[in-house]
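Asker: Sequence:
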Amino acid sequence: MLSKIIAETRSYRRFWQAESIDIATLKELVDLARLGGSARNVQPLKYLLVNSPSQNTKIFPQLGWAGYLKDWPGPVEGERPSAYIICMLDTRLSNTAECDLGIGTQNILLGATEKGLGGCRIASFSRELEIILNIPDHLQILMVLALGKPKEKVLIEDSGPDGDIKYWRDASHVHHVPKRSLAEIVMVGQSD
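In terms of my numbering, the sequence shown is residues 1 to 192.
Hints should not be assumed to be uniformly reliable.
As the list claims (entries may be wrong) - Cβ pair distances, simulated, as ranges:
id, residue 1, residue 2, range
1, 4, 134, 38 to 48 angstroms
2, 98, 136, 27 to 37 angstroms
3, 31, 123, 20 to 30 angstroms
As the list claims (entries may be wrong) - Think about it this way: if two alpha-carbon atoms lie no more than 30 angstroms apart in a straight line, the pair counts; the simulated DSS-like pairs of lysine-lysine are:
id, residue 1, residue 2
4, 46, 115
5, 151, 166
6, 58, 4
7, 58, 70
8, 27, 58
9, 151, 70
10, 149, 179
11, 27, 153
12, 179, 58
13, 115, 151
Honestly, the hints are just simulated from the structure, not real lab data. For clarity, every value in this text was computed on a predicted model and none was experimentally measured. Think of the CB as a built atom: it goes at the ideal place given N, C-alpha and C, for glycine as much as any other residue.
Given the sequences, and given the hints that come with them, work out the whole structure.
Answerer: Here you go:
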C-alpha cells in the first residue's frame with residue numbers, strides 16, 4: 001500500500017556500506033523521477049550516478065549530515081552510503097527547479113524503499129563538489145541523494161505538546177522523527 005511505503009521512506013544516514021548498488025538500479029530509480037511531474041514540463045534536472053568506492057570517498061567529506069545532531073559528524077567508515085545520485089539543474093533550460101527537485105527526489109526515495117534501500121536528501125554540501133566531479137558550467141548541483149541499505153531504525157512519532165519537531169537519536173541509535181498531527185496541519189474551508 002502506498003501509505004506504508006511513504007511511512008517507511010525516511011531519511012537514513014547509516015548504511016551497510018559494503019552492500020553495493022549497481023548502476024542499473026540507480027538508472028531505474030532516476031527513471032521514476034523522469035516519469036514524475038515537471039513544472040511547465042521543462043524537465044530541467046540531470047542526474048549523475050556514482051557508485052564507485054573511490055568516487056564515494058571523494059564525495060563524502062563534501063557533505064553536511066543531520067543539522068539537528070550537532071555532535072554527530074556523519075556516518076563512520078563502514079556505515080557510509082554505497083551510492084550517490086547528484087541532482088543538478090541544467091541552467092540552459094531553466095533557472096529554477098524546486099518543484100521538480102521535490103517530486104523527483106521523493107519518487108527516487110520511494111523507489112529505493114520499495115527495493116529495500118534507503119537514502120537521505122542532502123542540500124548542505126561544499127561547492128568544491130562541482131570541481132571534484134568535473135560538473136560543466138551549465139549544470140548546478142542542487143541536492144545529493146545518499147543511498148544504501150539502511151543500517152538504522154527510524155521511527156515516526158507524534159511531536160510533543162511543546163511542538164518540538166527536531167529529530168533525535170536515543171542511546172540505541174534509533175532515529176526518532178517527530179511529526180505534527182494531522183489536526184495541526186489541516187484546515188477545512190467553511191461550507192455554504
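Asker: Each hint needs a verdict: does it hold in this structure or not?
Answerer: Checked hints:
1. 4 <-> 134: 38 to 48 angstroms: holds, 40 angstroms
2. 98 <-> 136: 27 to 37 angstroms: Given range 27 to 37 angstroms: violated, Cβ gap about 22 angstroms.
3. 31 <-> 123: 20 to 30 angstroms: holds, 23 angstroms
4. 46 <-> 115: With a Cα-Cα distance of about 22 angstroms, the restraint between residue 46 and residue 115 holds, given a limit of 30 angstroms.
5. 151 <-> 166: The hint holds at about 21 angstroms.
6. 58 <-> 4: Outside the cut-off at roughly 35 angstroms; violated.
7. 58 <-> 70: holds, 23 angstroms
8. 27 <-> 58: holds, 21 angstroms
9. 151 <-> 70: holds, 20 angstroms
10. 149 <-> 179: At roughly 24 angstroms apart (the allowed maximum being 30 angstroms), residue 179 and residue 149 satisfy the hint.
11. 27 <-> 153: Within the cut-off at roughly 26 angstroms; holds.
12. 179 <-> 58: Not satisfied, since the Cα-Cα distance of roughly 34 angstroms exceeds 30 angstroms.
13. 115 <-> 151: holds, 15 angstroms
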